[in-house]
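Colleague: So the chains spell out like this:
There are 2 protein chains.
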Amino acid sequence: MNGDNEEYNALTRVLNAYYLYEDYARKELLSPRRLKWKSLTQEEQSLLPWFPEYLQVLEHCIKLNGEFTRNLATTVANDWGASSDPSQWAQCGYEDYDKVKYVFKQMLREWSEDGHEERDVSFNRIFQYLETKYPNVVERQHVKILIPGSGLGRLNFELVKRGFWCQGNEFSYHMLLASNFLLNHSYTRNHYSIFPLIHNFSNQLNRSLQTRPIFIPDLHNQTELINLQTEFPSIPVGELMSIASGSFTDLYGPDDLSISDHYSKDQNASEFRLQNANQFDIVITHFFMDTASNVIEYLKTLNHTIKQGGEWINFGPLLWHFEDAEDVVEIIKQDGTKVPTPVKGLELTNQDFLELAQNWFEFKHHEKQIEVGYSSDPKGLGGWKYKCDYWIATKK
Amino acid sequence: MNGDNEEYNALTRVLNAYYLYEDYARKELLSPRRLKWKSLTQEEQSLLPWFPEYLQVLEHCIKLNGEFTRNLATTVANDWGASSDPSQWAQCGYEDYDKVKYVFKQMLREWSEDGHEERDVSFNRIFQYLETKYPNVVERQHVKILIPGSGLGRLNFELVKRGFWCQGNEFSYHMLLASNFLLNHSYTRNHYSIFPLIHNFSNQLNRSLQTRPIFIPDLHNQTELINLQTEFPSIPVGELMSIASGSFTDLYGPDDLSISDHYSKDQNASEFRLQNANQFDIVITHFFMDTASNVIEYLKTLNHTIKQGGEWINFGPLLWHFEDAEDVVEIIKQDGTKVPTPVKGLELTNQDFLELAQNWFEFKHHEKQIEVGYSSDPKGLGGWKYKCDYWIATKK
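In order, the protein sequence lines correspond to chains A and B. Going from the first sequence to my numbering is simple: count from 1 and add 3. Going from the second sequence to my numbering is simple: count from 1 and add 3.
A portion of the hints provided could be inaccurate.
DSS-like, lysine-lysine: derived pairs with alpha carbons at most 25 Å apart [as the list claims (entries may be wrong)]: (1) Lys104(A) - Lys388(B); (2) Lys388(B) - Lys388(A); (3) Lys268(A) - Lys388(B); (4) Lys371(B) - Lys382(A); (5) Lys102(A) - Lys371(B); (6) Lys108(A) - Lys390(B); (7) Lys390(A) - Lys41(B); (8) Lys382(A) - Lys390(B); (9) Lys268(B) - Lys390(A); (10) Lys108(A) - Lys382(B); (11) Lys41(A) - Lys102(B); (12) Lys104(B) - Lys382(A); (13) Lys102(B) - Lys388(A); (14) Lys388(A) - Lys371(B); (15) Lys388(A) - Lys390(B); (16) Lys390(A) - Lys108(B); (17) Lys382(B) - Lys390(A).
Part of the chain B face toward chain A, derived, beta carbon under 7 Å [claimed, not checked]: (18) Leu32; (19) Pro35; (20) Ser42; (21) Val124; (22) Trp323; (23) Gly348; (24) Trp387.
Listed next, with one range per pair, are the computed distances between beta-carbon atoms [unchecked claim]: (25) Arg29(A) - Lys399(B): 49 to 57 Å; (26) Asn74(A) - Gln311(B): 52 to 60 Å; (27) Asn127(A) - Asn230(B): 50 to 58 Å; (28) His223(A) - Asp327(B): 30 to 38 Å; (29) Asn8(B) - Trp387(A): 39 to 47 Å.
Source of the hints: derived by calculation from the structure; they are not laboratory data. In this text the structure is predicted, and so the values were computed from the model without any measurement. Every residue, glycine too, gets a C-beta built ideally from N, C-alpha and C.
With the hints as extra help, turn the sequences into a complete structure.
Modeller: Spelled out as structure tokens, the structure:
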């Protein structure tokens, strides 16, 4: 990666957020608590005799989290062609640290035993359908699956493990770097312990649970792939899995979208799009559709990249990610006119979204209001529960 | 109310937020959606033919919400001794509008049929206990109950309706003005229709549900009190209900807390505190304890205001309200020293909180992890579920 300075800055800024996480966490978690403790009267302190030791435990967890994130940053910097010297990286902002915290939770969800219950609700439906539809394991290498918004790559990996050719697609460097690290730099099951729950002080049952380690990954992907290869020597296991970095519309969309942050006329993107037209047997949108600023573009992109007769599998809620965004950005329409558009403003209801989707897809299976959480602590005392839709739809 | 300029400004600023809500909602909800619509291509617009009419429906709901909040503001200004001329009121900020939105949701929870299911989980436990403990309706006027964080006063009212003497206590003007309005200016059941759900574009099943009216109040309090009076003429019904405006620690705490935003050495407050020492038979903390910045002060205040042998009933989660607050404020200790203290920093886990409480209270009944929502739309496609504790504890 060179030449494209903006991209390089975006990448190294995220590397820096991982690298500097420990400082951030000390400031965010420890400093106010130390000051709070100091501000208490002696009598108040005597009522919480465990508090100083608790701060030490928190500090220990932050240190270990920091070792993990520095290891992640310096390791993947190399993989991504960035300087190995953190002092050369772009400065990061507060929102980057927030995203690092978010990735810690995502690791719990995607790659730990603690995330199992949440994953099973959607994953099992998808696996059961695809394994039944394609019972011959050796033949699955010819089934091309795409997963936009693939996050830390667990769903992607699980399908590859079952013999499918599966491409992930992810826009966020925070996710891309972490999935790279977990997939390529874990040398055993439960290689790493992280402490994602220290960032939550609410809804905790007790301190031991808040400061407990979460072991990741809960399976070792290389071992699993070797097992597949051993059992089915004719499967080109090494070629089944890939992750494409970029926006879904930019990499897989039709050539007539409005130019925006998520869609360009860049030569590379245009060629990639052309290659991907009518390519996929299956596209799986898993907690993804509500990340759209303009969901019509997502639907057109699905339609463009799925083969004739191919299928769209969806599982997720409609928690529109940009609902509270205040920004207005400029898009360039096909005729060259520049138009201001708010990032928010097209948050459809479930019914309107379904009707819109039927312009391109025919629904063949549909389950509604499946209750499930996302990245919640299974041992915590509260969490958001979504009522998700699950469907399989055929391209018209 | 005169003389105390700061208080007057705080009050009229909130009045203004209610008064100007319609403008805010137009800017927040309509403007970006109109601009978004304009930015779509003709083809995209043709895929969403219902959109322009939808904006009209939203505008209509905003107008009706605006009529309601202006009526609220001008009506209660008079009750609170503020100028009847809105141009004389203090300017409000963005966060005040956010709180108005929050009060709309709170109205759904406390005073509508749609909030019934959520209320029943906690209210029914409390009513059953108190009705069994005090079976003689006429005698209940001598049972003094306090509800800190009484919000819009529904729990308070329900206990009065059952014959108990019950004082609510609330710190937020947003809540106080709205509860005043609902309790004193509703002339029939379902007098008002509001549209609280238009502020949510995520997790909506369809547009009709998002733009549906919520009717409040779901009972007419005056009628209910007249019924009580008719059945039990010896109950001084008019004297049973009150709401004290101010912070819990300031109005009911011991005289040795650190001086802060929530605790003063003000003459009036000191006298009120003195009157309230060892006064209450029952204090009910209902979704309240986690609003503390220093929960030890809340516990000391409970201990101070509950009678010897009196009881503390608690229902709620530990979603600490100040967990994400960044501010550091100055408190003045008993010896006069000034100390900086972060607003956040003492967010105890469930177990630590229970242990701390046992310094003053003996638990006689305890149910754990009761799953329930708070201010959620029962017809929505998602919501936070708390695992709440419910207990009855006796003052040691």
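Colleague: Starting from Lys108(A), check that the Cα of Lys382(B) is at most 25 Å away, please.
Modeller: violated (28 Å)
Colleague: If I claimed the Cβ atoms of Asn74(A) and Gln311(B) lie 52 to 60 Å apart, would that claim hold in this structure?
Modeller: Roughly 59 Å apart at Cβ, these two residues keep to the hinted range, so it holds.
Colleague: Please check whether Trp323(B) passes as an interface residue: C-beta within 7 Å of a C-beta belonging to chain A.
Modeller: holds (5 Å)
Colleague: So if I understand the rule, the pair passes when the alpha-carbon distance is 25 Å or less; does Lys102(B) with Lys388(A) pass?
Modeller: holds (24 Å)
Colleague: Within a Cα-Cα threshold of 25 Å, do Lys388(A) and Lys371(B) meet the stated pairing?
Modeller: Given that 25 Å is the threshold and the Cα spacing comes to 19 Å, the pair holds.
Colleague: CA of Lys268(B) to CA of Lys390(A), is that 25 Å or under?
Modeller: violated (50 Å)
Colleague: Hint says 50 to 58 Å; check whether the CB-CB distance for Asn127(A) and Asn230(B) agrees.
Modeller: holds (54 Å)
Colleague: Between Lys390(A) and Lys41(B), does the CA-CA distance stay at or below 25 Å?
Modeller: violated (32 Å)
Colleague: Lys382(A) and Lys390(B): Cα distance at most 25 Å?
Modeller: At roughly 11 Å apart (the allowed maximum being 25 Å), Lys390(B) and Lys382(A) satisfy the hint.
Colleague: Go through the hint on Ser42(B) and say holds or violated, using the shortest Cβ distance to chain A against 7 Å.
Modeller: holds (4 Å)
Colleague: Take a quick look at whether Lys382(B) and Lys390(A) sit within 25 Å of each other, Cα to Cα.
Modeller: Since the Cα atoms of Lys382(B) and Lys390(A) sit roughly 11 Å apart, the hinted pair holds (cutoff 25 Å).
Colleague: Was the hint right that Val124(B) lines chain A, CB cutoff 7 Å?
Modeller: Constraint on Val124(B) not satisfied, violated at 14 Å.
Hint compliance for this structure: hints 3, 5, 7, 9, 10, 11, 12, 18, 21, 25 are broken, all remaining hints hold.
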